[in-house]
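K.L.:
Residue 229 is where the sequence shown starts when you use this note's numbering, and the numbers rise one by one after that.
Bear in mind the hints are in silico, worked out from the structure with no lab data behind them. Because the structure is a prediction, the values reported are computed rather than measured. Among the clues, some could well be false.
Said to hold, decoys possible - Using 20 Å as the maximum straight-line C-alpha spacing, the simulated SDA-like pairs for lysine to any residue come out as follows:
#1 Lys-357 - Trp-335
#2 Lys-319 - Thr-274
#3 Lys-343 - Asn-315
#4 Lys-327 - Leu-275
#5 Lys-327 - Glu-281
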Amino acid sequence: MKKSAANFNDSLTAAEKATYAVWKQALLDGLTDNTTKARKKEQLKTLKQKETERVRDFKIRIDDTYRIAYGVNAATSRHADVVALRNETLKDVLLNGLKPQIADLVWNRPNLNDKTYPETVESAEECEKVVEMKKITENKDLSTAIMLAAKESKEISEEVNNLKLLLQKLESMSVNQQKAEN
229 MKKSAANFND SLTAAEKATY AVWKQALLDG LTDNTTKARK KEQLKTLKQK ETERVRDFKI
289 RIDDTYRIAY GVNAATSRHA DVVALRNETL KDVLLNGLKP QIADLVWNRP NLNDKTYPET
349 VESAEECEKV VEMKKITENK DLSTAIMLAA KESKEISEEV NNLKLLLQKL ESMSVNQQKA
409 EN
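All chains should be built: construct the whole structure from the sequences, respecting the hints.
P.N.:
In structure tokens:
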């Protein structure tokens, strides 16, 4: 254990540690249930990034679902064949589940097929930043357009007021001219 986990563990009494060990084992046993694994494997195939979810959070959700679906051993194995299979599976889930605007950019990156899962995640995070910058730029453009429209509206309003004053002057001149003729 490291850092906060170690601190938390050190703060537990012997009875709490025993209770925690039982609780942890029960939780792990529940996650290794074949029904749960089967459901998580199906869920993994259809996992999609939520609209407000960041790529890094989606990656964590993918990794957690994979760990439950295939077990801790498959999720942490260092055997080359297992790592290759795991990375390919996780990469496919990521690419098929990304939000469309991010996925489009990722799929257009060169050498996508040669990238590992961590490299693909990194690429997706870069593309996410590009999408965010586009949104900011569009919002600035929209903001500028609104400001220009407001300025133009104010100028038109001033021009209308000037025309009203001119009409009033013309009417008063016309009335004065009619009085002078009578």
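K.L.:
Flag every earlier hint the structure violates by its number, smallest first.
P.N.:
Result: no hint breaks.
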